[in-house]
Amino acid sequence: MLSYFLGNSELSRGGTRMEKSQIEFRNVSFRYHDDAPWVLKNVSFTIDADEWVAIIGHNGSGKSTIAKLMNGLLFPQEGEIYVSGQKVNPDTIWEIREQVGMVFQNPDNQFVGTTVRDDVAFGMENHGMSRELMVERISESLEAVGMEAYERQEPHRLSGGQKQRVAIASVLAVSPKYIILDEATAMLDPKGRKEIMQTIRDVQSKRNLALITITHDLQEVTQADRVIVMNQGKVWMQGSPREIFSRKEQLIEIGLDTPFVSKLADELLNAGLSLSREPLNHQELLEELWTLHSTK
Amino acid sequence: MDITFDQVSYVYQPGSPFEHRALQDISFSIQSGSFVAIIGHTGSGKSTLLQHLNGLVQPTEGRVNIGPYALVSGEKNKHLRELREKVGVVFQYPEHQLFEETVAKDIAFGPENFGVEQKEIEDRIQQAAKATKLSEDLLERSPFDLSGGQMRRVAISGVLAMNPEVLVLDEPTAGLDPSGQREIMDMFHELHKSKELTTILVTHSMEDALKYADHIVILNHGEVYREGTPLEIFKQREALENVQLDVPEVIDFLAKVEEKMNIRLPYEGQSIAELAKELARMVRGGRDHE
Amino acid sequence: MSSSMIIGQYVPGDSVVHRLDPRSKIAIIFFFVLIVFFANSVMSYGLLALFGIGAAASSKVPLRYIMKGLTPVWFLILFTFILHLFVTKEGDLLFNLWGFKVYEEGVVQGAAISLRFFLLILVTSLLTLTTTPIEITDAIEELLGPLKKVRFPVHELALMMSISLRFIPTLMQETEKISKAQASRGVDFRTGSFKDRIKAVVPLLVPLFVSAFKRAEELAMAMEARGYRGGEGRTKLRELKIGKLDYVMYGLFVVVVIGLFLTRN
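Protein chains in written order, with our numbering: chain A, 1 to 296; chain B, 1001 to 1290; chain C, 2001 to 2265.
Think of the hints as simulated: they come from the structure by calculation, not from any bench.
The beta carbon of each residue, even a glycine, is placed where N, CA and C say it ideally should be.
Honestly, I wouldn't trust all of these hints.
Said to hold, decoys possible - If you want a taste of the chain B side facing chain C, the calculated C-beta under 8 Å gives, among others:
| id | residue |
| --- | --- |
| 1 | 1097 |
| 2 | 1114 |
| 3 | 1256 |
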């Protein structure tokens, strides 16, 4: 496993730069043209290595733009973005794209290869990896997402969830430090969504990765370590899922929803029960109820 | 219009190596004016079934009656045009079918094909845009300049402008954000009630099925697996689990409450606030209350 | 269902012909097409026919697939034959059919040209029957490799071809989907005057173009995000290898060529 990561860093980074494993936005503002409205205005935050951060916000809040800025698909007009201590600019994007992997929304429009293995190889080919390394990584990364049985399949024979798993494998194969999922589950059915979330949890627990999920799915949000809420191009709030979902009314004001458990907990509070903390899932709320029930 | 499926089977590419039986001996009926949800996994036959409602495919075996129209295996239907005018279909990602220069023209496209008079069409554009909450100043814009959510409303308006009696919705909220999803579904529910539109919703969302439908049909591997009112269906937790379908979250949670604390609180369509009150009372009641 | 479509009619298999390096196949076919025009005797034609039919037989592709590939050209072959019957007025008069005089030379030439035609189509269709489109793309990229020196965008061309191959099934599905959506809005693609039918295509083509452009844009962004920056410094997963089998095949082909020049008149 160690050689897996070392092999890669020797290949491209040469180890000369200071290693500071985080993504940092410093007062970033962005708009598409000079006379267009600002999509992001003075946005600052950091994402640490190993962290799972969910970015939420209604459509048009600027959250997808953040993703594209992180690996130099777009550049800010004001402010700076640093990835592992290196400033994102046209000279550094190739190194940065090796560290920051992205999975997009539409499963079809990011599948480049004519078969699964060709698609997983695509990124590695771009980074000039040797053939032996590619073959090794293809099986490793397909195994990590549970798609090893589909190596020779053509994309049109796969379900949306399977295609997204291949997309994740393709990103893993380059062994990035950060993975961004830009609404990667939005076009999937519930089964596909579950597959992807399971895959992501597995991958994050086994590999040394920061995960950035941009999403509408509240279930996804509750599993993150930290949430950044975007509203009208600004960071509206940052905090743990628990902190975020305790602000139910304000979230609804900016066009967001809260999970069922959180709504029910609120109403239980109104009905006179006092809960010790904001529950995030069924288990936590059940435990609260159980405590209240048995101490009576 | 009442709709009945009578022992309908559908086979793709019969006799070829790719032969695939998508529907198998399907029988059920939909009452005029009802709201029916059709649930099942990708590949369960939902979309094939949906295409029968519009005569886009013809049953390989059996017969489908849609009001006065019949689709019978082996017989050519001469009234497909009329049928398609009466049954409006909102396909998945309907914004992909937009093509006209302006929003108004695109909405007018359906009615024009069915020979509706120009003056009437003008009225219908206004009505449809109002129903989908498209603001009037968008009507002369190009549909391709609009946001994704607005494009979807345009496409839906185009179907509504045909003045259908039956509305078929194939995952109409796919890909929208939560508030967009709620708005669209509330709009369809409103239309269903105010115009007494027979509405058939194909969905993956158990929450929507529970919230909006009066009747649910579950498909599995091309067969009708279960059928009934939402409360009847979602009581059968195990039966649903067997075909890897979830129950709506509220019912799931109440079942867990019963399992863990032996507090039985059946779901009968209560709001979250009502449930919280009952639950609080029962929890507070403690052991002696049981 | 469009997923049933067999792109380029590739028939999966593991025959000798399947296992040849695609570059070898393309090269041999190229030279075969050239030498077919040198045949001028019964023996020489016989030799080439033996080679062509032998190759087809050893590909183990079912005869009906091969025939299916030939369907559109049967008419052309027949037409060429008949044309020669009527136009060529040399040799002995064979028979007189209601005033149309058929001469011996006409039959001979007609048969010869038709056979040439048949062999050309047979051999070239064997390429697509036994080689996946992506292998053909790789082979073309390799064979055109030298052109990179004159700045011919060989890599880009190959990438374009492979992406097209990748997206054909996707676009087929999309076409079906949109045509159904428009049919349910009252478009009739099947009946009506020519003008009406042309008009009916617009609601199909515009959405298709719009979606293809959107896909292209998203795909370009996804490729860039995955570090794509042109062919330079890029490695390749798929490798083409010339093996023993290929050399055996070259040898056999050289024998055929020598045989051809020995049996010519």
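*When the hints from earlier in the document are held up against this structure, which numbers fail?*
Result: hint 3 breaks, nothing else.
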